[in-house]
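Protein sequences, first through last, are from chains A and B.
Just so it is clear: in the first sequence, position 99 is 99 by this note's numbering, and no numbers are missing.
Just so it is clear: in the second sequence, position 332 is 332 by this note's numbering, and no numbers are missing.
It should be emphasised that the hints constitute simulated quantities derived from the structure, not laboratory data.
One should not assume that every hint holds.
Straight line, CA to CA, 20 angstroms or less: simulated SDA-like cross-link-like pairs of lysine to any residue [as the list claims (entries may be wrong)]:
#, chain 1, residue 1, chain 2, residue 2
1, B, 518, B, 480
2, B, 23, A, 357
3, A, 67, A, 133
4, B, 462, B, 500
5, B, 334, A, 133
6, B, 462, B, 427
7, B, 23, A, 245
8, A, 114, B, 428
9, B, 441, B, 87
10, B, 23, A, 355
11, A, 67, A, 26
12, B, 23, A, 240
13, A, 352, B, 25
14, B, 118, B, 25
15, B, 429, A, 327
16, B, 23, A, 114
17, A, 114, B, 433
18, A, 70, A, 21
19, B, 441, A, 26
20, A, 112, B, 433
21, B, 492, B, 309
22, A, 112, B, 435
23, A, 70, A, 30
This one's a predicted model, so the numbers in the text were calculated from it and none came from an experiment.
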Amino acid sequence: MLNLWSTHQFWVGFLTALGIDPRRIAFSSATSEEQARQFGKGRGTVDCCYPVKCISGHYGELLMREKHRKIDLLLSPMIYSLPSCLNGHVAASLACPRVMAAPENIKAGFLKEKDVFAEHAIRYAAPLVSLADPPIVPQQLYQGLKNVIPALTLDETRSAVREGYTALEIFNARVRRRSREVLERCAREDKPCLMVLARPYHMDPGIGHEIEVELRAYGYPVLWAQYLPADADLLQWVFGEDLRAGHVRSPFDIADVWPSSYSANTNEILWGAKFAARVPWIAGVIRLASYECGMDQPTYTPVQQIVERSGTLFFSFQDLDSTKPAGALKIRIETIAYYLEKHSSAIIEAKKAACLPDCPLIRDTRRESASVSAPGTPREARDPDSIRRAWRATQGA
Amino acid sequence: MTPYSEAPNQAGMEQDVEHAVHKPYRAYRPRPFTKSERDHSTVLFGGLHWRAERLIQGAMENLGYRSQVLSAPTKEDLMTGRELADIGQCCPTSFTVGNIANFLRSQARQTSAAEVAKKYVYVTAGACGACRFGQYHQSYELAMRNIGMESFRMFLLAQNGLDQGAADGGGLELNLPFTMGAIWAILAADVVQDLEYQTRPYEVTPGETERVARKSIDYLYEVFRASPALSRKTSAPLWYLVTSRFVKALREVFRNFHNIEVDRLRVKPVVKLTGEFYLQTVEGAPNYNIHRWLESEGAEVYPAAIAIWLDYLLRFAGQNYEDHIGVGGCARLKLGVIKTGQSLLRWSYNRMRTALGNLPHEMPDQYELRELAAPYYHSRLDGGEGDMLIGKALWAYHHKKAHMTCELSPYSCMPNSMSIGAMAAVLGKHPDLLYAPLEVKGDAEVHALSRCQMVLTEAKRKAQQEYEEVLDRTRLSPEQARELLESSPQMKRATYRIPRCGVVGTAANLVLHLANRKRQ
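Whenever a hint applies, use it, and build me the whole structure from the sequences.
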């Protein structure tokens with residue numbers, strides 16, 4: 001749920017390295033109205049945004065599993081800051097303050113009348129962890145977990161944290177490579193694709209309503225801003241003019257459009273908007289925002305302006321909550337598909353005309369990556385030695 | 001709002017689609033504000049209560065700035081703010097954005113937009129966090145664009161840096177003399193505000209406290225304005241720490257308050273205000289005038305000192321260094337510097353309290369607040385008041401500082417809604433803790449105040465019960481207590497300090513004090 005959508009590989013890598021059988025790591029199921037009704041009812045403590053409200057249902061579902069699937073420990077990390085490819089180029093990479101603190105709020109709903117965790121004999125841990133600040137993560141996780149994982153040591157935690165980062169890095173590199181392949185194919189064939197600008201948890205079908213899935217059914221490849229290719233050759237081409245003009249200090253810099261770059265997810269949305277505006281084959285952008293999202297609210301105008309000034313189509317789905325009216329969704333998807341079909345060729349041509357020559361997406365379809373990325377195929381990624389090698393390579397870089 | 005509603009721009013999109021690539025969007029960058037402009041440009045600011053604003057104005061004028069305090073935001077400002085910036089803002093954003101926009105519009109009507117952009121610059125606090133407070137600039141920027149004043153200059157003062165250097169152009173130097181002056185102005189305003197709120201509910205002559213408070217702030221404004229000019233910025237902290245200028249001035253304020261006659265046998269519940277920084281601090285429409293409303297409903301208000309927020313910011317910065325000890329970056333040394341800063345802040349605040357007869361409330365110890373809140377809320381969670389919001393409620397409860405805590409947070413405040421949610425577990429454990437969390441939208445006043453009134457009724461009952469128990473314990477009747485008070489005229493002065501005798505209410509403490517003196 002929520003921040004786990006972009007960090008789950010870290011947690012799987014970390015827990016596996018601590019000796020926990022991956023088959024004994026269970027995630028709660030995707031958010032749904034039924035989940036909230038069945039497991040989260042009466043547990044809310046305050047009115048807040050829709051994604052955070054959903055967590056009660058996830059907690060309840062995990063606590064009330066049948067006897068043969070019962071969990072021993074409910075782990076709900078409070079993620080203070082997030083790993084991001086923009087780290088070092090922005091002011092900070094903090095998590096949304098609500099999502100970060102949500103475990104304390106949701107926990108209160110399961111304690112206010114009686115201790116539901118104790119009632120189900122389930123241990124609860126919500127370690128605070130600054131994933132954008134790796135040196136302090138081992139200590140944070142050790143302090144947060146030593147009372148619930150017997151005989152845990154700091155050294156063991158340190159080693160497991162390394163494995164967690166490696167697993168996450170490998171996964172991210174793989175998905176970014178896939179995004180590049182999509183762009184290369186679109187460039188080669190001069191075909192449009194779409195970009196979703198949203199928070200990672202909008203990948204949860206119950207929160208993002210699978211809007212991008214509906215659009216894929218019309219044949220449009222969909223990219224997510226969080227997993228755009230970060231290869232140096234491509235970024236130099238995309239942001240070369242901005243760099244030369246001194247608008248930005250690096251391809252990952254967003255100070256030209258968003259000076260208060262404190263929030264990791266917001267930063268990625270703004271960066272994704274800039275990327276979409278400058279890449280010709282991204283003909284349309286789908287913006288998703290949840291009900292009462294205070295993080296997204298100030299970004300509505302800048303994001304729309306960044307995208308639309310480039311001539312790219314911009315479609316916004318705001319205030320998403322538990323209601324998923326199929327008819328309304330169908331009409332809007334059809335409208336988007338209609339506009340894409342009608343205008344994408346002209347949009348691509350106009351954007352191409354404004355671009356630098358020698359696009360690396362066309363020039364060389366074999367990737368020459370100069371960015372930090374882990375080697376390995378998915379099969380290799382599961383091999384512990386390969387993970388360690390990749391981690392060392394990352395450290396060296 | 002209906003899900004899948006179209007963004008406003010998409011209405012009539014068929015006609016709007018064009019395939020031209022325009023100049024890329026760039027964020028607002030204020031044009032430079034130069035030193036030579038200082039003499040004829042006015043720095044606008046606001047966002048605190050009138051006492052702190054007035055004294056900061058004095059400190060700024062001492063440094064050579066022309067400055068003007070924006071009047072307290074109104075409901076009209078709220079509506080303007082909602083209209084000008086993106087939807088879904090929290091109400092402090094709407095109020096402050098509307099406030100500056102309406103001021104500029106009214107000025108532009110008298111002259112011109114270009115003239116106003118030349119004549120004024122705006123300084124406001126920003127944050128280094130992920131909550132909307134850290135992103136206010138976008139709302140201001142959008143509002144300025146929407147009223148056709150893109151060239152108006154706004155500068156953000158980060159709330160966590162003592163020396164932030166000069167803003168672009170060098171006309172506005174956010175350096176140590178500037179920051180130290182502002183902090184000392186805040187400390188002085190805090191203690192005066194505290195004394196004022198302890199006095200007004202008990203004043204014998206209505207309006208007397210208000211008159212004295214205004215006179216005192218005007219006097220302090222002159223003291224700040226006429227302070228010696230600090231040419232070297234490095235000497236500013238030392239000068240502020242050692243000077244007795246402000247302590248002496250506060251003693252004069254204390255003398256002004258001495259003339260106010262009070263009747264502290266009036267039984268009133270003590271209501272501690274906590275919550276989101278802006279809403280607990282301002283006095284006016286943004287928080288439904290809650291301070292005055294509570295007083296009019298018969299309460300003694302325990303206001304939220306801004307100094308506590310400064311102390312919290314220091315504690316929070318220190319925690320970051322605590323977490324980095326052993327990792328590098330001289331964390332231990334930096335933590336030491338922070339803790340020294342906290343001690344100096346407390347020491348300076350206490351000097352000012354002493355000048356006012358130790359009547360203003362003490363600052364709670366930040367590390368005690370952290371410990372109290374720890375079972376419910378992690379101390380490292382950033383944004384809003386974090387664990388302090390819970391710590392303060394428990395501190396007031398355990399130390400008998402107030403009968404009730406009234407918590408003010410903006411509707412949809414991201415971080416504070418989480419702290420308030422965590423309070424559910426606190427209230428489960430301490431069901432007799434009277435807690436009124438108010439979600440402030442700016443409008444819907446009746447709804448919020450009636451909610452507060454329900455808890456206030458219970459607080460009044462508690463205060464009355466406590467008072468009667470004290471009378472029973474001391475075997476005094478109300479008439480006898482009154483008689484004892486009349487025989488000690490010094491106790492009818494606003495400057496008389498009643499010792500705390502283990503109960504909350506002012507009247508109950510006074511009865512215990514009178515009984516103790518009678519026994520002696």
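Requested in this report: Given the hint that residue 441 of chain B pairs with residue 87 of chain B, test it: the Cα-Cα distance must not exceed 20 angstroms.
Outcome: 13 angstroms, holds
Query raised in the report: Does the alpha-carbon distance linking residue 352 of chain A and residue 25 of chain B stay inside the 20 angstroms limit?
Result: 18 angstroms, holds
Query - Pairwise hint evaluation, residue 500 of chain B against residue 462 of chain B, where the allowed Cα distance is 20 angstroms at most - result: 17 angstroms, holds
Query raised in the report: Does the structure keep residue 492 of chain B and residue 309 of chain B at a Cα separation of 20 angstroms or less?
Result: 33 angstroms, violated
Query - Pairwise hint evaluation, residue 25 of chain B against residue 118 of chain B, where the allowed Cα distance is 20 angstroms at most - result: 25 angstroms, violated
Query raised in the report: Between residue 67 of chain A and residue 133 of chain A, does the CA-CA distance stay at or below 20 angstroms?
Result: 39 angstroms, violated
Query raised in the report: Hey, residue 67 of chain A versus residue 26 of chain A, does the alpha-carbon distance stay inside 20 angstroms?
Result: Since the Cα atoms of residue 67 of chain A and residue 26 of chain A sit roughly 14 angstroms apart, the hinted pair holds (cutoff 20 angstroms).
**Report entry** Given pair status - residue 433 of chain B, residue 112 of chain A, alpha carbons within 20 angstroms
**Finding:** 14 angstroms, holds
Report task. Given the hint that residue 23 of chain B pairs with residue 355 of chain A, test it: the Cα-Cα distance must not exceed 20 angstroms. Result -> Cα-Cα ~13 angstroms, so holds.
Query raised in the report: Has the given pair, residue 23 of chain B with residue 114 of chain A, been kept, meaning a C-alpha gap of at most 20 angstroms?
Result: 59 angstroms, violated
Query - Restraint status (C-alpha distance of residue 23 of chain B to residue 245 of chain A at most 20 angstroms) - result: Distance of about 13 angstroms is within 20 angstroms: holds.
Query raised in the report: For the pair supplied as a hint, residue 70 of chain A and residue 30 of chain A, is the alpha-carbon distance within the 20 angstroms limit?
Result: The given pair, whose Cα atoms are some 18 angstroms apart, holds under the 20 angstroms limit.
In summary, the numbered hints that this structure violates are 3, 14, 15, 16, 19, 21.
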